[in-house]
Amino acid sequence: MKTFDLTQNTVRELNQALHDQSGECMEREFDVFSPHGQHNIACGLDQNLSVNIMGHAGYFCAGMNKKATVTVHGNAGQGVAENMMSGMVRIKGDASQAAGATAHGGLLVIEGNAGARCGISMKGVDIVVKGNVGHMSCFMGQAGNLVVCGDAGEALGDSLYEVHIYVKGHVKSLGADCVEKEMRPEHIKELGNLLSRAGIDEDPARFKRYGSARQLYNFKVDNASAY
Amino acid sequence: MSNELNEHTGLRESATFDRSTMAEIRRAAETGIYDIRGFGAKRKLPHFDDLLFLGASMSRYPLEGYREKCNTSVTLGNRFAKKPIKLDIPITIAGMSFGALSANAKEALGRGASEVGTSTTTGDGGMTAEERGQSKKLIYQYLPSRYGMNPDDLRKADAIEVVLGQGAKPGGGGMLLGQKISDRVAQMRTLPKGIDQRSACRHPDWTGPDDLAIKIQELREITDWQVPIYIKVGATRTYYDVKLAVKAGADVVVIDGMQGGTAATQEVFIEHVGIPTLAAIPQAVQALQEMGMHRKVQLIVSGGIRNGADVAKCMALGADAVAIGTAALIALGCNHPRYDEEFRKIGSAAGFYDDYQEGRDPAGISTQDPELSKRLDPVEAGHRLANYLRVLTLEAQTLARACGKNDLRNLEPEDLVALTVESAAMARVPLAGTCWIPGQSF
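Going line by line, the protein sequences match chains A and Z.
Sequential numbering of the first sequence, starting at 1, is according to this note's numbering.
Sequential numbering of the second sequence, starting at 1001, is according to this note's numbering.
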């Protein structure tokens, strides 16, 4: 295991050391101490690494992650795991807005709450939030799954494409073209798998499913008021 | 109305309600929805034609046209990047997406640009193998939609262009109607086939220039600070936007005037939002100069550039390079008269075609139809583009030598005068034959 103390090393030095593993991997486990909310920690990883960030991280932590498992033992700032491709990012605390934005793959687990626009424009990632999510979550979500074990704020799933949204708690309001859908056995199974992968003990049968009504997929004069 | 009709009948067409305006009112009344089209602003605007060069005479010393060198190369992005881009000519190809354009058209743009040692740019839809393969220098756009965005392609790029807006629609997002969402386009953008795709107008994970500074740092971290990062904005509040872009950490700022083209957006957007390219350049240069960053952060200008004179005038006003989009497509064969009969079958005519969003381009450029796409030979079209770029360069050099400059970037505002009060005020050069720059004291 290699350790970095961000009061002694720069984020650039840390990221370079992590990127250097992309070719021949010399070290798979990294512990990062004293992150003190610095931005862009552990972004652009491309190797089966395990990175533990022992404190709070700032913006874009684990951005564009591929293959690596990154755990933040604290809170994460804006855009955590943005555009993630694969691997897993776990936030032990809360995540700020735009968590998992545009992410294409992998699993993002937020054990606390997530702020506004969680999963905005998500493109295939699976996001599991143990707590609540803020307003406009999954805005323009294209693909993947968003699981919310708590409540969801206003305009959930606005202008949604093909993301499956599962919410256990209260949804303050649904966004344009987002509707509640039947929870069929295949969805119970899918949700059960997601919760299991995230390590969260919840009963899938207590969730509701939301998805796109697909009424705004093509421009229609009759829909003008919805745009 | 033709003059012939006017002279023989005495009929007078309204300047306010001309036939084009009346046609649009009828179209709106029939359909109930705004007009969507491609191309750029069609209205007449103050432009580079309103400027003239003051060639050398007694008080200035010209260079020999065929004997003395006039440098055209430019290096972009040497503020922070470990690998700045060196271009042989200061004319680049602007971002245009695969999706809006056919794969053959994208390949042709790459081939043409590479043949003359300049760069081309991806667009809203990601990087295609054809484009990367044929582009020696490729700029990868980072757009609000993030369609196809991935770190592998990011690291393959020679520079990254963070797009905040474009001249045809500052404040608006991209639009690609269902006719052009083929299987391949849908797969690249992770969208259902055949939907009307509406790109976001704001980036999803940052708001404001302070956030953008952190975002740029993230992109630099992911790419290990190797490649330059551009910021592209549509021309509106250009003075302030350039200052904020520099503060956010841009290596290069790209300003796209309202004559810049688009694949599709609302006509009202194209014609009524933004400022002319001519008006934007002095604002951008002033901002850079006040920050002590002119020539340190390079300025690329686009929007309605057609010939070497336009290139030279941009550079005289302070740009380091220009980018062309619409003109490059015309060089490939867009709107070519050889397809006039087919243009007429779809309700248009060669030279007027702007319904890029419909995907029925007879020239095989703004389409995803496999049969139409085949009409464009990327090798031959790429060579045409290269020829055109050579002509632009030769023309710009001709003007620079006439002004006594051995480098295109040595052209300066002092080499220019304006033909109209409006253009003099916008370009901040004197009205021809006077020493008067409107808005400035004598």
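If you are wondering where the hints come from, they were derived from the structure by calculation, not from laboratory data.
Hints may be right or wrong, so weigh each one.
20 Å max Cα-Cα, derived SDA-like pairs, lysine to any residue [as the list claims (entries may be wrong)]: (1) A:K67 - A:Q16; (2) A:K220 - Z:I1195; (3) A:K220 - Z:G1032; (4) A:K67 - Z:K1156; (5) Z:K1082 - A:E13; (6) A:K2 - A:C25; (7) Z:K1193 - A:E162; (8) Z:K1086 - Z:K1296; (9) A:K220 - Z:R1155; (10) A:K220 - Z:D1152; (11) Z:K1086 - Z:K1156; (12) A:K220 - Z:D1153; (13) Z:K1193 - A:D177; (14) A:K220 - Z:S1199; (15) A:K67 - Z:D1152; (16) A:K220 - Z:K1296; (17) A:K220 - Z:K1156; (18) A:K66 - Z:D1153; (19) A:K220 - Z:R1026; (20) Z:K1156 - A:A213; (21) Z:K1082 - A:S196; (22) A:K220 - Z:A1200; (23) Z:K1193 - A:A213; (24) A:K67 - A:T7; (25) Z:K1042 - Z:M1058; (26) A:K66 - Z:G1010; (27) Z:K1156 - A:E162.
Cβ pair distances, simulated, as ranges [as the list claims (entries may be wrong)]: (28) A:S34 - Z:R1306: 29 to 37 Å; (29) A:S50 - Z:K1069: 52 to 60 Å; (30) A:N9 - Z:N1406: 21 to 29 Å; (31) A:G23 - Z:G1117: 41 to 49 Å; (32) A:E13 - Z:D1407: 50 to 58 Å; (33) Z:E1371 - A:D222: 50 to 58 Å; (34) A:E13 - Z:A1129: 29 to 37 Å; (35) A:F33 - Z:I1033: 53 to 61 Å.
Ideal placement from N, C-alpha and C gives every residue a C-beta, glycine not left out.
Out of the numbered hints, which ones does the structure contradict? 9, 10, 12, 16, 17, 20, 21, 24, 25, 26, 27, 28, 30, 31, 32, 33
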